[in-house]
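Spelled out from the first residue to the last, the chains are:
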Amino acid sequence: MDITQVIREFVVTEYLPDTPPDELEVDYDLFRNGVINSLDLLRLISWLKDHFGIPVDELDIVPENFRTVAAIRDFVDSALPAPAERTLK
Amino acid sequence: MYEWSEEHRELRAEFAHWYETLGEGHLEADRDSGLPPRAWERVRASGLLRLPFHAEWGGRGLDLLSTMYVLEGLGEGCRDGGLCFSICTQIVSAGIPLQRFGSAELKARHLPGICDGGTITAHAITDPNGGSDVLGMGMTAKPDGDDWILDGDKVFVTNGPVADLIVVYALTDASLGPFGLTAFLVERGTEGVLAGADVPKMGLRTSPLGELSLRGCRVPAANVLGRPGMGFAVLDHVMRWEILCSFIVQVGAMQHRLDRCVEHATRRRQFGRPIGSFQMIADQIVDMKIGVETSRRWLYDAAEGFVRGRDVTTDIAIAKVLASEANVKSALSAVQIFGGRGYLTETGLEKDLRDAVGGTIYSGTSEMQRIRIARMLGLKESQT
Ligand SMILES: Cc1cc2nc3c(=O)[nH]c(=O)nc-3n(C[C@H](O)[C@H](O)[C@H](O)COP(=O)(O)OP(=O)(O)OC[C@H]3O[C@@H](n4cnc5c(N)ncnc54)[C@H](O)[C@@H]3O)c2cc1C
Numbered sequence: 001m002d003i004t005q006v007i008r009e010f011v012v013t014e015y016l017p018d019t020p021p022d023e024l025e026v027d028y029d030l031f032r033n034g035v036i037n038s039l040d041l042l043r044l045i046s047w048l049k050d051h052f053g054i055p056v057d058e059l060d061i062v063p064e065n066f067r068t069v070a071a072i073r074d075f076v077d078s079a080l081p082a083p084a085e086r087t088l089k
Numbered sequence: 001m002y003e004w005s006e007e008h009r010e011l012r013a014e015f016a017h018w019y020e021t022l023g024e025g026h027l028e029a030d031r032d033s034g035l036p037p038r039a040w041e042r043v044r045a046s047g048l049l050r051l052p053f054h055a056e057w058g059g060r061g062l063d064l065l066s067t068m069y070v071l072e073g074l075g076e077g078c079r080d081g082g083l084c085f086s087i088c089t090q091i092v093s094a095g096i097p098l099q100r101f102g103s104a105e106l107k108a109r110h111l112p113g114i115c116d117g118g119t120i121t122a123h124a125i126t127d128p129n130g131g132s133d134v135l136g137m138g139m140t141a142k143p144d145g146d147d148w149i150l151d152g153d154k155v156f157v158t159n160g161p162v163a164d165l166i167v168v169y170a171l172t173d174a175s176l177g178p179f180g181l182t183a184f185l186v187e188r189g190t191e192g193v194l195a196g197a198d199v200p201k202m203g204l205r206t207s208p209l210g211e212l213s214l215r216g217c218r219v220p221a222a223n224v225l226g227r228p229g230m231g232f233a234v235l236d237h238v239m240r241w242e243i244l245c246s247f248i249v250q251v252g253a254m255q256h257r258l259d260r261c262v263e264h265a266t267r268r269r270q271f272g273r274p275i276g277s278f279q280m281i282a283d284q285i286v287d288m289k290i291g292v293e294t295s296r297r298w299l300y301d302a303a304e305g306f307v308r309g310r311d312v313t314t315d316i317a318i319a320k321v322l323a324s325e326a327n328v329k330s331a332l333s334a335v336q337i338f339g340g341r342g343y344l345t346e347t348g349l350e351k352d353l354r355d356a357v358g359g360t361i362y363s364g365t366s367e368m369q370r371i372r373i374a375r376m377l378g379l380k381e382s383q384t
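As they're listed, the protein sequences go chains A and B.
Quick note on this note's numbering: the first sequence kicks off at 1 and runs consecutively.
Quick note on this note's numbering: the second sequence kicks off at 1 and runs consecutively.
None of these hints come from the bench; they were simulated from the model.
Hints should not be assumed to be uniformly reliable.
[Unchecked claim] Below, computed lysine to aspartate or glutamate pairings styled on EDC-like, alpha-carbon distance capped at 20 Å:
#1 B:Lys107 x B:Asp63
#2 A:Lys49 x B:Asp301
#3 B:Lys142 x B:Asp153
#4 B:Lys380 x A:Glu9
#5 B:Lys380 x A:Asp40
#6 A:Lys49 x B:Glu304
#7 B:Lys329 x B:Glu76
#8 B:Lys329 x B:Asp259
#9 B:Lys380 x A:Asp18
#10 B:Lys329 x B:Asp283
#11 A:Lys49 x B:Asp236
#12 B:Lys107 x A:Glu58
#13 B:Lys380 x A:Glu14
#14 A:Lys49 x B:Asp311
[To be verified] If you want a taste of the chain A side facing chain B, the calculated C-beta under 8 Å gives, among others:
#15 Gly34
#16 Asn37
#17 Ser38
#18 Arg43
#19 Lys49
#20 Pro63
Just so you know, even glycine gets a beta-carbon here, dropped at the ideal spot from N, CA and C.
Work out the full structure: start from the sequences and follow the hints.
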């Protein structure tokens, strides 16, 4: 499964249980629409660390990296090694 | 369990003679309330405030675990719990976020004074509307040219009545959820800043605590820690440090109390036997031992994970609940084990109990820590 889909499914399962994954637009604003509160953000960060094995530093916790599914994907992309070396859990 | 090196032990020993000095007159100081006169001068002279800061600004350059190890010694050796709490607040409230998130210019301006203790620091998170629900706070900050205008009230500001520099958390955009919070460095003399007097409280009486009001308070944009919207990340970082540092101090205090109870239970005789030979007394002491060992391990283990970049959100919450609750239980047991003497002010144990109760409230209540753990497990609540 591609990264966008993995992230989309996580967000939907965790925070929007009544939405079918494919209906969540990648540019849907998760903050302005009140989808992710502070505790959700902590869990999201923890999941990104665990699932993709990327070290999320406090300095990365800026709105640009988490505002939409697309933003999260770009953040993960930039933090991950080249595709060939990836080992997703 | 973390293995301490000879170097660590030497480091702790280097500060040992200060601990008792800092706690001198603690019973009178508790009765009088407020930061004891001369105490801060001694704190400054001890060099404890320098521990985790870079040498560049006058710090000792110690890592988190070494800092905690020295602070554990402080808790064991200094009987003034309020003063210890103010020391921790001084170290973590402004210096730690400044070192991590501040600009070069802000660091150069403020860190030397923070290391030296000439600048007393505080952080103002809680306000009359936002306590456990930090994002429900009423304090706002609005951009105005190159400045921000802060408006609102804060309560429960440890060191507030005497602070020169305060990190104030304010909402900069309520619609951004966790990214709507920003941390500002506010200097005491800034127009519109008014710090209230020391508010009387149950324990930790030598740690001044007060209200803070900000009215149309103009703060330069350069005083933002990190960036606008990063307040939540700053706060989370600071809370980790605060929990690790202030509760390792309490582990030291629990260790001291345990030793004292063992000694008392061995010496004090009733029915022709030492009271420690009664299983019910021994049981309480054993639980004190379990409490101190468990809390110590969890705190150092969480700290090690934090330093290594492991996700320690759950670990820190567990460590906080364990340590704060073990401390209350240990303090209550000590009063019981000392009997009538435990109830007297002169023994210092009733003060320990009053000091300990605060620990289940500040740095995130036990309830909020449990909610964090539940959420990290993927459990959801319907209303919150
Ligand atoms: C000694 C001391 C020092 C302090 N120092 C500082 C400081 O330096 N700076 C600062 O900003 N603040 C400080 N505080 C304030 C402290 O952080 C707050 O008191 C704490 O966060 C709780 O907020 P509150 O008092 O508004 O209680 P509330 O949030 O009103 O909570 C009241 C009760 O309801 C419970 N509760 C709230 N929400 C929930 C929920 N969703 N589910 C279940 N239970 C819930 C709480 O756990 C608590 O038991 C200090 C407090 C003390 C006691």
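Here is what the structure says about each hint:
no., hint, in the structure
1, B:Lys107 x B:Asp63, "holds (18 Å)"
2, A:Lys49 x B:Asp301, "holds (19 Å)"
3, B:Lys142 x B:Asp153, "holds (15 Å)"
4, B:Lys380 x A:Glu9, "holds (17 Å)"
5, B:Lys380 x A:Asp40, "holds (10 Å)"
6, A:Lys49 x B:Glu304, "holds (17 Å)"
7, B:Lys329 x B:Glu76, "holds (17 Å)"
8, B:Lys329 x B:Asp259, "holds (15 Å)"
9, B:Lys380 x A:Asp18, "holds (14 Å)"
10, B:Lys329 x B:Asp283, "holds (13 Å)"
11, A:Lys49 x B:Asp236, "holds (16 Å)"
12, B:Lys107 x A:Glu58, "holds (18 Å)"
13, B:Lys380 x A:Glu14, "holds (9 Å)"
14, A:Lys49 x B:Asp311, "holds (7 Å)"
15, Gly34, "holds (7 Å)"
16, Asn37, "holds (6 Å)"
17, Ser38, "holds (4 Å)"
18, Arg43, "holds (6 Å)"
19, Lys49, "holds (5 Å)"
20, Pro63, "holds (4 Å)"
Checked against the numbered hints above, the structure breaks none of them.
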